[in-house]
Structure formats: C-alpha cells, structure tokens
Amino acid sequence: MRYLKAYAQAKDCKGPADTVILQFYQHHSDCPDELVYEVIAVVADTGDKLIELRLGDIAPGALDMDKHQLEMFAIGVLKLNWFNAANHRQRTLTLYADYFGKTGRPNALKLDFYEPMVAGGKASLVYTAAAYDANSDGVLESFTNSDVDRNGVADNADKELIRTLCTVFLKWAWFDLQACRSWSKQEGPCVI
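Quick note on numbering: the sequence shown equals residues 1 to 192 in the working numbering.
No lab work stands behind these hints, which were simulated from the structure alone.
There may be inaccurate statements among the hints.
[What the hints assert, rightly or not] Across the chosen pairs, the derived CB separations fall in these ranges: (1) Asn-145 to Asp-30: 36 to 46 Å; (2) Arg-89 to Thr-128: 18 to 28 Å; (3) Leu-55 to Gly-152: 30 to 40 Å.
Fair warning: this is a prediction, and the values are worked out from it, not measured in the lab.
In this text, a Cβ means the ideal position worked out from N, Cα and C, and glycines have one as well.
Using the sequences provided together with the hints, build the complete structure.
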C-alpha cells in the first residue's frame, strides 16, 4: 500500500504553521515502510503561496506533480490547523486510497489524523475523514461530515478542504493501479 504522510510545522513554538513536509511511503508487510520521496514546502506568511520548495530525490516521471498542485496541497494542510511546534512531528495526517472501484481507480480516500495521547507515546488515531468517488471517474462526489479545519463546525469549508486535498492526491496517483487490478477478488481495502 502506498500512502502520504503530511506534517505542518510552525517556525517557533507559538507562531502559525508555515512549513509542510510531505513524505510518500510504500508499505511493506515484511519490513519497515519505505520512505520513497520527501517534499518540503514553505508557505508565505500570508498563507496563500509557496515561497520555497525543496524536493527530495524523485525519479523522473515517478510522481506527476507541479508547483501549483504542491501549493494547493500545502496550503490545504495548513488550513487543517493540525500542526506541530518547530522541529516536532507529533501530529500527522496520513492520506491513502482505502478502496478501489471496478476500473481499478480509487473510490474511497481516507485522511487519518494522528497524535500521541501521552508525552513520548505512540501516535493514536484521533479522527478520520473521507472522500468518495462512487464511479471511480476521478470526481469526488461525497465527503464525511467532519470538522477537519478544527473551528468547531463541520460545514462546506471542511468538505472543500477534503475535496482539495483528495483531488490533488488523486492527481499525484500515489497508489498502485497494477496491484489493484484484482479488485473483484478483494473484499477489503487494496493492500499492496
């Protein structure tokens, strides 16, 4: 299974988050998960554009991403208000394709929010959100009713935020279509 782990960090212990770290992982059942790519995006203080972008070693053609998509995703992650103080990575967002349709494309994307419940403890799943593409045509039609921006209200802004993050994730295609071709034989999520 492939998944994306995102961290938002503040410059210091009190300020708003301005840096988003995206880590693209490949899950292996018999050994530790492999960090395949890492992208670091720094967003302007105004919160509306990238001012710095650092890409790790990405093989040509491995990920189809452009600066605009990275900017949309990074700004979306910052809008989640799920960030860490400088140099900490306690709160994480994990995004992955949960189910695949008959076409072999994802029809359910999950956003899992993790945070340690005790200081120094293992991260626990705090809450989750999802986006659904009923006919696997790449258009997300429905979303969980979740307060992902943590403002106390689950509203259309939350759904648009889920839509933005999941649409960009679909464009990056960080899922393995070939491994999920046997969709008719599967009863649960596609695990690569």
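Consistency of the hints with the structure:
no.	hint	result
1	Asn-145 to Asp-30: 36 to 46 Å	holds, 38 Å
2	Arg-89 to Thr-128: 18 to 28 Å	holds, 19 Å
3	Leu-55 to Gly-152: 30 to 40 Å	holds, 36 Å
The structure agrees with every numbered hint stated previously.
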